[in-house]
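Asker: Chain by chain, the residues:
There are 2 protein chains.
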Amino acid sequence: MSQNIKIPESKLPRIVIVGGGFGGLQLAKHLKGAPYQVVLLDRHNYHTFQPLLYQVATAGLEPSSIASPFRRIFENKTHVIFRMAEVQEVVSERNMLRTTMGDVPYDYLVLATGSKTNFFGMKDVERNAMPMKTIAQALELRSMMIQNFEKAVSLDEKSEEKESLIDIVVVGGGPTGIETAGALAELKKHVLPFDYPDLDLNMMDIYLVELGPRLLAGMSQQASDKSKEYLEKMGVHVWLNTGLESYDGYRASFSNGKTILTTSLIYAAGVSGVVINGIDSSVIARGQRIAIDGNLRVKGYSDIFAMGDVASFIPESTAVPLPMVAPVSMQMGVYLAQWFKKGRPKQHHAFRYYDKGSMATIGRHKAVVDLPFWKTQGAFAWFVWMFVHLMSLVGFANRAKVFMSWAYSYLSSDKRYRLVIRPHRKEREPMSREPMGV
Amino acid sequence: MSQNIKIPESKLPRIVIVGGGFGGLQLAKHLKGAPYQVVLLDRHNYHTFQPLLYQVATAGLEPSSIASPFRRIFENKTHVIFRMAEVQEVVSERNMLRTTMGDVPYDYLVLATGSKTNFFGMKDVERNAMPMKTIAQALELRSMMIQNFEKAVSLDEKSEEKESLIDIVVVGGGPTGIETAGALAELKKHVLPFDYPDLDLNMMDIYLVELGPRLLAGMSQQASDKSKEYLEKMGVHVWLNTGLESYDGYRASFSNGKTILTTSLIYAAGVSGVVINGIDSSVIARGQRIAIDGNLRVKGYSDIFAMGDVASFIPESTAVPLPMVAPVSMQMGVYLAQWFKKGRPKQHHAFRYYDKGSMATIGRHKAVVDLPFWKTQGAFAWFVWMFVHLMSLVGFANRAKVFMSWAYSYLSSDKRYRLVIRPHRKEREPMSREPMGV
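Those protein sequences? They're chains L and B, same order as listed. My numbering numbers the first residue of the first sequence as 16 and each following residue consecutively. My numbering numbers the first residue of the second sequence as 16 and each following residue consecutively.
Just chain L, same shape as in the assembly (with noise of 0.2 angstroms):
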């Protein structure tokens, strides 16, 4: 029988959150001053801004710049509790969540645990590829690559081997794929010929690879053209309409009949809900996502919820999901918060998705913006974009940082953070005996 985790005593029902991504947080903080515990469980310590995870992959910001720990961002929120844990099962009949760390009672479950790469069953591809959807993988692919760039200057000119090292290949046109490969291709351009004067850069090729007949397939017909054709002038090699069948590490191929010999793939080709074991498979749609009803609740359930990338939320207009992007979350997030607030009444309105738009960067002075309605693209775009993701920042030091790191790098074309940083091996196990998140 394992115990359950310690939580101060209190009175009022309890709402345990698992995931602390976008919606969870915003759930968190709209929660003060309701008449309720609030726990938040997460697997790391930090809240972890996504959207520019590709930026420490490159090089061109840090893990402290996209991440905040959740006791910073609730120091002054005694409302909140937070407790690391990973969750294993819920068992909705008891009201408990089973956790690395132990167990959890609740009166109330929101599961916003967001989702996680979809390889779509390539075995071989999800053992060899590089997805990009924690810090720790992005680290990982920043030190990868600049391994592979050590080893291949090391190398006799022209081999096969030394091709594979230096070129780079991005499976999937949507914004992570997009924003690495455009990222990528400056790196090219700004960093590697004064990092690798004695390397031959002419030989790197950057290849994007999309299945569907467009890029940033969620956008405006006009964002997918100019991504392209940015793309293209930067030296992207753009591949539309072309799936990947296989990669065993070096070798990939493509529907298209071609074969690129890499060493470096990165996998942003789709993504899948984060479904917690103990939750009825028949409510769990396409895509790993959990079927919620207007309020947000999981079908057949009266007191779980479900937000975010995880959840399936199908507007009565569209008849099609909502797109697992961050303002859907937050949305969402600020939604339940006021459910609960108003004491969960039961005749109350439906979920509603405002989309106030989106918008993608390739490279400096490159991006595209659609809002509901004006479309523009270019260097104006590219501050908006730099506008809306710093003010997007968890907290205001993390906002400085990541201002003066781009501010420097908008100067100097300069790619700071070009570490390869790999884990210290220690044979002893981590003192906690459970595994724990990465």
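It should be emphasised that the hints constitute simulated quantities derived from the structure, not laboratory data. A couple of the hints might just be wrong.
One copy or two, it doesn't matter: identical chains are merged, so the pair holds either way.
Calculated pairs, SDA-like style, for lysine to any residue (alpha carbon to alpha carbon, straight line, at most 25 angstroms) [claimed, not checked]:
no., residue 1, residue 2
1, K390, M249
2, K173, N110
3, K148, I161
4, K26, T333
5, K371, L386
6, K92, I291
7, K273, F89
8, K21, L170
9, K44, Q152
10, K248, G233
11, K26, F209
12, K44, V289
13, K26, L170
14, K173, H363
15, K21, E176
Here the structure of chain L is known, so what remains is to put chain B in place on it, guided by the hints.
Answerer: Chain B in isolation, oriented as in the chain L frame:
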């Protein structure tokens, strides 16, 4: 047969420097303009400012503040060729180094490989204690300590397990040990009460254990006494004349008959030189240091030199080897560069070490400084310590960053980098088939 690492051809004689620590870096920089091809090898792609590692471990600085990529350092110094490789063996009869990246022929070889933690044969301590000689180790230490606190806060009141998670033992009363213990005491006072309001921090004990009769044995008696006084004022239990006898990851036993239950034992009680295979064992002196002559030449070799921590240089005046500290390494680097630049004269004055003094910091406004004609302790000493360390940091950008981090933490007492970032585990092999430096 392994291939040579590719290095641009040159008619100049080649100096290969193994290790880009303080000494190797000075040597490489000062060889500018000399008629040699300079090749610098290091297992990391960055120089580590080791004196501030303890700040990374205690969440006061982030890794990039004390790490400078070599390719950045040498961006405008084209006389140095950097290769990231771990040296495996020297084959002196063929003037050849074997490395993880291939072979490297040399005309002159300079060993600046530094030192590693010395556990004096205590296998259990080596397996279970945390050393702090690399950035990866400092990060691991930081993550472990935070995870322990996260676990402790989830446990019921007062238990042996809970105590063991929050008590910390630092073994070794040299500069690293006292600086770490001091930084931990500041965390306990200024950060942890806010991060863990539901944890009774009176339970938390910090121990500093030293085998000898005083702290900072390399400094003046005044510095030793004052640092002990500061630490005890800050709540650290200082045990002198006490040796660590065993540690199984939970129970640490000491020569004074006492036992401490702790999952965090930081080991900073000794170092030994990192000697490369192939160097004749007859020249390896106490502490795995290589015996060198007055011109830093390894005894019995005509074209192999050693400097810094790995070198045992015995001045005639004292008959005691010079200490393993950064100033010795740096002065040796400058000396050797001058000797090479002068055309390697057979008659050349022997290396002389100018001891400009030493210093250590215990906490805010608490440092000890020994200068040749003046010893001081307290707030002024602390400002001197700050100034010297800032000025010594490699590269302007890092200096500005560290300064801002320190200014911020001075004003706020915050420790911003309390992030648990554990390695991203991947089943696949790293792309380079040979082992790479961590």
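Asker: Need the list of violated hint numbers for this structure, in ascending order.
Answerer: 2, 4, 6, 7, 9 and 14
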